[in-house]
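Visitor: For this one, chain A is given, so just place chains B and C on it according to the hints.
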Amino acid sequence: MNNNYYGWGLPIDISTHGASVDRLIYVIHWLMLALFVGWLTYLIIVLIRFRARPGHTAAYKERHFKAPTYIEVIVALIEAALLVGFSIPAFHAYRNVVPPADQAVQVRVVAEQFAWNIHYPGADGKFGKTDPKLISRVNPIGLDPEDPAGKDDVKTVNQLHIPVGQPVIAYLSSKDVIHSFALPVMRVKQDVIPGQEVRVSFEATQTGNFEIACAQLCGLGHYRMRGFFIVDTPEVFQNWLKEKAPK
Amino acid sequence: MSAPGEIRYIDHPHPVSGVTNAKLGMWCFLASEIMLFGGFFSTYVLLRAGNPAWPTGSHLLNVPLAALNTVILITSSVTMVMAWYSLAIKSLPKFKMYLGLTILLAFAFLVVKGFEYGMKFEHHIYPAKNTFYAIYFTMTGLHGLHVVGGIVANLYYLFPGSKMWETNPEQFTGRIECAGLYWHFVDLVWIFLFPVLYLL
Amino acid sequence: MSHHDHDHHGHHHDLPFWRKYIFSVDHKVIGVQYAVTALLFLFVGFTLMMLIRWQLAFPGQPLPGFLSTLFGDANAPGGIILPEFYNQLGAMHGTIMIFLGVVPLSVGGFGNYVLPLQIGAPDMAFPKLNMLSYWVYFIGGVIMLFSFFVTGGAAQSGWTSYAPLAVIAQQGQTFWLIGMVFLITSSLLGSINFIVTTVQLRADGLSFFRLPFFVWAQFVTSFLLLLAFPPLETAGVLQLMDRLAHTSFFMPSGLVVSGEALAISGGGNPILWQHLFWFLAHPEVYVLILPAMGIVAEVIACNTRKPIYGYKSMIYAVVFLGFMSFIVWAHHMYLVGMSTEMSAFFQVTTMIISIPSIIILTALLLSLWGGAIRFNTPMLFAIAFLPMFGIGGLTGLPLGLAASDIHLHDTYYVIGHFHYVVAPGTIFALFAGIYHWFPKVTGRKMNEILGKVHFFFSFIFMNGVFMPMFFQGLAGVSRRLWDPTQYAHGLSTQPLNVFISFSAWGLALAQIPFILNFFGSIFAGKKVDQNPWEATTLEWSAPTPPPHGNFLTPPVVYRGPYEYSVPGQKKDFWPQAMKETN
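Quick mapping for you: the protein sequence lines, in order, are chains A, B and C. Letter 158 of the first sequence, counting from 1, is numbered 158 in this note's numbering, and no numbers are missing. Letter 161 of the second sequence, counting from 1, is numbered 161 in this note's numbering, and no numbers are missing. Letter 204 of the third sequence, counting from 1, is numbered 204 in this note's numbering, and no numbers are missing.
Only true hints are included.
Examples of chain B residues lying across from chain C (beta carbon under 10 angstroms, computed): (1) ILE7; (2) GLY25; (3) ALA134.
Distance condition first, Cα-Cα at most 25 angstroms in a straight line; then the derived PhoX-like pairs of lysine-lysine: (4) C:LYS571 with A:LYS61; (5) A:LYS61 with C:LYS312; (6) C:LYS312 with A:LYS66; (7) B:LYS163 with C:LYS128; (8) C:LYS452 with C:LYS526; (9) C:LYS571 with C:LYS526; (10) A:LYS151 with A:LYS133; (11) A:LYS155 with A:LYS129; (12) A:LYS61 with C:LYS570; (13) B:LYS129 with A:LYS133; (14) A:LYS129 with A:LYS242; (15) C:LYS579 with A:LYS61.
Honestly, the hints are just simulated from the structure, not real lab data. Every value quoted in this text rests on a predicted model; they were computed, and no experiment measured them. Glycine residues also receive a C-beta, built at the ideal position from the N, C-alpha and C atoms.
Just chain A, with the same shape it has in the complex (with noise of 0.2 angstroms):
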């Protein structure tokens, strides 16, 4: 692993959305700083400047403060900035705006105590069905192996590789409980719950060698659910997937 792509904040970001969650961070932490830095000037201002002392006594009746009304006024409306202007058509974009079907790479990503499961739809760009009858140590995403579709279907444990600049459907899921899928160079987090399944969509910009994170308490391996996420170039991906499916 590289250590270029993660330090004490932010990772690198991969992501064709990343910006606009980077945005928002980064602009709440000025507000933040900007708000903090303020009121800790005036304290240290007024613990020194009203401290008790002999002669000193303290005022009854106060001055009636206006500035702290427009503050809290701007404040308001900078939140209110915040979520119109970023943060609600953001996540709007990130979880609705999906790329045609035939133009990106569709897996699924089946989560269990303690893995990724890996599902391409292979050559045929049609999933073979799956029942979660049919699941067993050999076949531990319950492929079944009567549907055609499903004979050049590429599966891998904790191996999700993506070409890069091209957009990726992913639809998640669970066999047993509650997981969360993370790519935090992709700015990616989808909660993934068993008896649902989810879309997610992500385009990367850069190849390299990245991981997947679960980002929900699923048990005692919770800490080792790590899986690779592979950005490569067109031609490597199919390369791998190639070299991958069934013979």
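Guide: Relative to chain A, chains B and C alone:
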């Protein structure tokens, strides 16, 4: 002015709030109970909305028995009010008769419920069978526990508790009023439970 | 605490020891019982945290010294904390701190002791119910602690107990659920008592807008407890049914655990648990902070020698906050797959609820202006509360907005955020309250030097523990990881973990002066009269310690709660119940 160390408004109402401590306390308790049963009704709605194959209650449950229970419970609410009214007109014997009737009707409710559950268990129908039965048993079971609680309180007021009529009749009347509020609430929950579970 | 029993007119008669101190119906004895029990539980929760911090600083390393054999092979073979044990420590740390520590201390302890005194009442409206509330809490706590010793250990699915994980977990989870039922019952009974007492038993002349802010804070808190806890009780019953009766309220169809299909009906929904849980747990966080704000208001008014700025605005703000707290809960659930309409609704309500919080914080800050500030120990903690709560509240903003929450959800950023509010926030306020009201309970002041040492080092180490967590969260480090170094992004912030852990152990050492001070001052503290701080609120007009029934004659109130430095008076405080000028 009260004596120092004496808690006020136990047997007479507060001039502004208009109620005694016990009555305000009982209304607060009932508010929390509304939230409790509200949680269960919300659960019912969420589960039913997510399950297209939800069965119709009247096909699976015993509507006539439940209708009988509804009549029993409503009647018991009437006898409960009569019990309180008997104290208001200062008749302890009438109070005891009406409270006794209320308790008997409550027992009858539980007996009918027992038959209902028994018939289900005989056919090996338990809460685990599906989410419909799960919510049916859980909600009616919790309601039944509340009926038991009401019986216990009323038995106390019928026997040892009624001694307070001699020492502090206002406070005792207030206690019966509060017990009545609780009992009406238990009745009211059933009036919602019956159509939701059995008829819809 | 020594209780002088004054023989006075009224209902007092000589009670045997077990009825005077064990099964007492006196709110002051019950308040002390709650406080002492809660402090013990806080100590237990703190110890669990120190073990967690060992594993995080030195993942997989055996515990040092005698600790390596203390926990047995089931939990820590060879002294190495197992992931299952680590998860127990995490789940129980949260549960114990919130439900057995902070709330019982702030509401059961301070609320019970101070509220009837501050409103001039002889006791709570329902003294026997009060006693029952304490013992039900005690039993709930015993059940929780006992769960560590059953096969499989204590609950280990987080204090949030999400289904299906909590449903398939071992029996410790059942104990957790049963313990919660007891704790919820205790809270409900207590909240009824507080509401009725505040409405009905105020002294003559004590209108609602003459009440100390502490009483308003407890009043709103009681409504939150009364109305928000029942859905969690619902959820607890449903999860118990899923675990014990094998229903499927929270269990969808088709679950396969460790290769085995679960033999259940299915048809349930894990999100149902989250909705019911967070419907309580969000108001619960306001239960954690409101009494603390109340304490801070009292200490600031008293030690600035002037009225609180914006007293009326603070009251409107706290009531509005109470209402709003019921409609923000799903901001804990932005990433479950909810529609963007729903998340937009909750983002809006979450932004709106920040307004009353800022109003209260600003009013407290502005209350310092124009004062004559005394820097005694309670005041130091109360002043420190303000920027610490500020950091906690501000860091809620990136979490409350869904787009930034995408990256920060379930990371250490969240842990930093809520700990700032609860630890150097609420707990500092509780320390302020202990130092402030200790003289009323015991007739002695706590030692100022030890108090300032306690404050100074606690302040430094609190920031040392929680500030680095924001950086870990920004780096993407998830919560509840037995070993964060398994991830490259966790490895990069590992030096911070070592720093945090040493700060945490330093924080533990910093409590030693407090513990010595607390017990030592009971016996050897400087004796003081009934109003050593020269405060105005009614509890300081009662004798020290207050007798059974509190006031020798029922007080009458003539003015507001913070009449300090009134022009034309000789003294700089004018007690609420004093008819003549001071």
